[in-house]
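Peer 1: Here is how the chains run, residue by residue.
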Amino acid sequence: MSRWLVPTLYIVFLLLPIYWLLNMSFKTTNEILGTFALIPLEFTLDNYIKIFTDPAWYRGYINSILYVVINTVISVSFALPAAYAFSRYRFLGDKHLFFWLLTNRMAPPAVFALPFFQLYAAIDLFDTHIAVALAHCLFNIPLAVWILEGFMSGVPKQLDEMAYIDGYSFPRFFVKIFMPAVASGIGVAAFFCFMYSWVEMLLSKTLTSVAAKSIAATMTRTASTAGYELGLLAAAGALTIIPGAIVIYFVRNYIARGFSLGRV
Amino acid sequence: MAKITLKDIRHSYYSSPTADEDYAIKHIDTIFQNGGAYALLGPSGCGKTTLLSIISGLISPTSGNIWFDDENVTEVDTIHRHIAQVFQFPVIYDTMTVFDNLAFPLRNRGVSEADIQMRVQEVAEMLDLEEGINRRAASLTVDGKQKISLGRGVVREDVNVMMFDEPLTVIDQNLKWELRSKLKELHQKVDTTMIYVTHDQTEALTFADEVLVMYEGKVVQSGTPVELFEKPMHTFVGYFIGSPGMNVLPCQVKNGDVVFEDLNVLCSNQAAASSVSSGMSTELGIRPEFIRFADEGIPVNVRRVDDIGRHQLVHVEHGQHGIKMICPEEQPITEGSANIQFDPSRTYLYADGWLAENSNTT
Amino acid sequence: MNKTIKQGAWLFVIPVVVLVAFNALIPLMTVVNYSMQETFGDNVFFWEGLRWFEQVLNSERFHDSFVRQITFTAIILLIEVPLGIAIALCMPRKGFWVSVCLVLMALPLLIPWNVVGAMWNIFALPDIGLLGYTINAIGIEYNFTRQPFAAWFTTILMDVWHWTSLVVLLAYAGLSAIPDAYYQAAKIDGASRWAVFIWIQLPKMKRVLTIAILLRFMDSFMIYTEPFVLTGGGPGNTTTFLSIDLVKLALGQFDLGPAAAMSLIYFFIVLLICWVFYTLMMKNEQQ
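Those protein sequences? They're chains A, B and C, same order as listed. In terms of this note's numbering, the first sequence is residues 1 to 264. In terms of this note's numbering, the second sequence is residues 1 to 362. In terms of this note's numbering, the third sequence is residues 1 to 287.
The set of hints was computed from the structure by calculation and includes no laboratory data. Here a beta-carbon is modelled for each residue, glycine too, at the ideal position from N, C-alpha and C. There's no promise every hint is true.
Part of the chain A face toward chain C, derived, beta carbon under 7 Å [stated by the list, open to error]:
(1) L239
(2) I241
(3) I242
Partial chain C-side listing against chain B, Cβ under 8 Å, derived [what the hints assert, rightly or not]:
(4) A86
(5) L89
(6) A177
(7) Y182
(8) Q184
(9) A185
(10) K187
(11) I188
(12) D189
(13) G190
(14) A191
(15) A195
(16) W199
The following residues of chain C were derived to be distant from chain B, with all beta-carbon distances above 10 Å [said to hold, decoys possible]:
(17) I70
(18) E141
(19) G252
(20) C274
(21) M281
From just these sequences and the hints, can you work out the full model?
Peer 2: Structure, rendered in structure tokens:
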């Protein structure tokens, strides 16, 4: 019984702030500032209605999801051949290259915020979804290569050789045989790319202003212009949990195995 | 060292088993004598690993008792049963040296460091592990690692029984022989009861003094390798042991005669034919080794001859029934029609799979 | 695995190299450029050499935020790694509840970082937050916007809340890859619970734990959004970590030269620590 206690307490601890956020999101601003109550006394959906009816709000979500999806697609599809090369071949400078790629995962976004702004402004991509998607590649591609390389190293080389003997051309082999063999790896890599792109806020805020404004930017700017509208902020925050929850639901069976990154 | 008695063991992985099929172990009642070398032989899924886990105490049986000598150990946990086990793939403690691996069971039992030094040295010598004994165990080859897991059992002096769960599965073919003879040698030296689980008949027959053949959660026959070969108590034993296995042919019993496709066949257990009741399905079992060509007998058609080293394996056909027979290498055989004869003393009648027995004797 | 030597494999890598280099090298050159020049606006630059580096390395402000950063990273690693392992050890191995546990635990990982900050702000506010209100109600004075200790406590608690799950998930993945035979063998060898942990579970988790520590180190060393939203670096500068300080310097004060020099020093420190870690890991793996 005591074994159950630890994970249970931990999950309760995880859920408390989320519960409080939800609690706040159903309260009116007056109630939030006036009383302390564990459940909303004047239950209201106004905060959510505002978000779903005001384009300035709901566009933020659409923009964020757009650049996250673009980034995930780019990161994984670029990382696939590279990870294959790293897992199967030795070539001049392979180890250094691999480490160099990883170093970009270690680059603090704060370091790059300003130069990114200038770079994407210079090539006329500022305030577009593609700009954020490309910028997030900086840390997501190295991560995807790293994860996929792990999974691919776990696939025996005989698979490749068999396919050549059976007369498969390389692209056909890669798509028809190899990719299904590392499907869980692709799933995990996509999950991580989605995760880091969805949660990263500094670059997405820096690189967008109006047209591709991310939900983070919407939240901070609204928070400062409309004063301290905690209920609205809580509702906006609560809604950002949903895409993540959906993604987790889809990968729930891979989480335990997938997080080991293929080779334990 | 101990005599192990299994009494009325049944085990099911379901919490509330109802039908017979729910049981992984249907019913087992057997005795392992002190110091004997036993093998549990059977196809995968026959319950042999479950039985092993029941003896070691990793699983407690749904019903029945286990006795080590005069002590009922059914409720005793693994550590106090004083058993040793070698698993399918080597289980070693990667971060320890070979020495520490071997010393681990002794240290856990609070043996003095001086005694440990002595015992480990002795065992390492026995298993050819002295070289590189201070190296990390993870650096050894698979067979070296398997020797370590074996050594961790041998090193203890209190071991009641040593069990092997298909220990050679991951070992290279050419090293299998070496390890197997090492095991045999070990058994002579340490004189512990050993139980060896395998699906490989060669391993079982060469290792054990007594082989228990398991099939669908039951021990269908136990005996010496010769007994199993010469007198299979169940068609499964006949089929599973021997290469190729026994020919099993459908037959009828009419007025005490055994009839195969309108031909009378003499069986060694002919007397039991009269006690076979009419509802049973009856079969005839004859090993390929005990069939020979003759001038008269069962007419067959010779289909194919395979050279299998020192013998020839001949595939013949009588009607729709394929029959295999083994002939000496030098015997000239031509394809086409011929006659064969079964050795009556090695031909058996089976009823519902089991060797037919005279009701008076049972 | 034996790999074939094939220089043509470069072809597979080029797209990634181009894309990452575009994102990494050009901005990095920009930073290097700034770090050695002085500007008074209008794109007029003056060569400054290594003066900014000297200035940053000698500035008390940098020292302070660096010390804060190291302290913060050390504390959260010391809490999250053992806690994560402990929780993973207590998790059930099979069944329906495993999925439920894992899904719930993964939830904080997918919440945008500014929302994490905002959520904890609301949660910890002394007058209307559940945490702040409760702590004050039991008689301890607590206000993270005024008391440095409370600010640190809240920031660390937030990070533990946010990231311990990553360690749990990785450790759990490592644990569930251990075959049952290891536990059975340990039982037969008479190993204690502690011996099983030290000699079986910990060695088998080594790889995933290395990944967990590396990821946690990198991410905590770069932490910006969550504490910025929660405390804004305050009270005073008490929770101003390196990234917050850097952004203040670059975007707040627009001191491009010192900010760029600080960026490079900052990046270099992360690289150095990760390189040491990476080499040790590789060395270990080859053994």
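Peer 1: Next, verify each hint and record whether it holds.
Peer 2: Okay, the hints, checked on the actual structure:
1. Because the closest C-beta pair between L239/A and chain C is about 9 Å apart, greater than 7 Å, the hint is violated.
2. With 7 Å as the threshold, the beta carbon of I241/A comes within range of chain C, its nearest partner Cβ sitting at about 6 Å, so the hint holds.
3. For I242/A, the interface hint is violated, the least distance from its beta-carbon to any beta-carbon of chain C being 10 Å, above 7 Å.
4. Look at A86/C: its Cβ only gets to about 20 Å from chain B, farther than 8 Å, so that hint breaks.
5. Evaluation of the L89/C hint against chain B yields a violated restraint, the C-beta minimum of about 18 Å exceeding 8 Å.
6. For A177/C, the interface hint is violated, since its Cβ never comes within 8 Å of a Cβ in chain B; the closest pair sits about 13 Å apart.
7. Restraint check, Y182/C versus chain B: the minimum CB separation of about 5 Å is within 8 Å; hint holds.
8. Below 8 Å, beta-carbon pairs count as interface contacts, and Q184/C has one with chain B at about 5 Å; its hint therefore holds.
9. With a cut of 8 Å, the hint placing A185/C at the interface with chain B holds, because the nearest CB-to-CB distance is about 4 Å.
10. Look at K187/C: its Cβ gets to within about 5 Å of chain B, closer than 8 Å, so that hint holds up.
11. Given hint, I188/C at the interface with chain B, holds; its Cβ is 5 Å from that chain's nearest Cβ, closer than 8 Å.
12. For D189/C, the interface hint holds, the least distance from its beta-carbon to any beta-carbon of chain B being 4 Å, beneath 8 Å.
13. Given hint, G190/C at the interface with chain B, holds; its Cβ is 4 Å from that chain's nearest Cβ, closer than 8 Å.
14. With 8 Å as the threshold, the beta carbon of A191/C comes within range of chain B, its nearest partner Cβ sitting at about 6 Å, so the hint holds.
15. Because the beta carbon of A195/C sits about 7 Å from the nearest beta carbon in chain B, less than 8 Å, this interface hint is met.
16. Among the interface hints, the one on W199/C holds; its C-beta lies about 5 Å from the nearest C-beta in chain B, closer than the 8 Å criterion.
17. Even its closest Cβ contact with chain B, about 30 Å, leaves I70/C beyond 10 Å, as expected for a residue assigned away from the interface.
18. A cut-off of 10 Å between C-beta atoms confirms that E141/C is not in contact with chain B; the least separation is 49 Å.
19. No Cβ of chain B comes within 10 Å of the Cβ of G252/C; the nearest lies about 50 Å off, and the non-interface call holds.
20. Residue-level check passed: C274/C sits 25 Å from the nearest beta carbon of chain B, beyond 10 Å.
21. No Cβ of chain B comes within 10 Å of the Cβ of M281/C; the nearest lies about 16 Å off, and the non-interface call holds.
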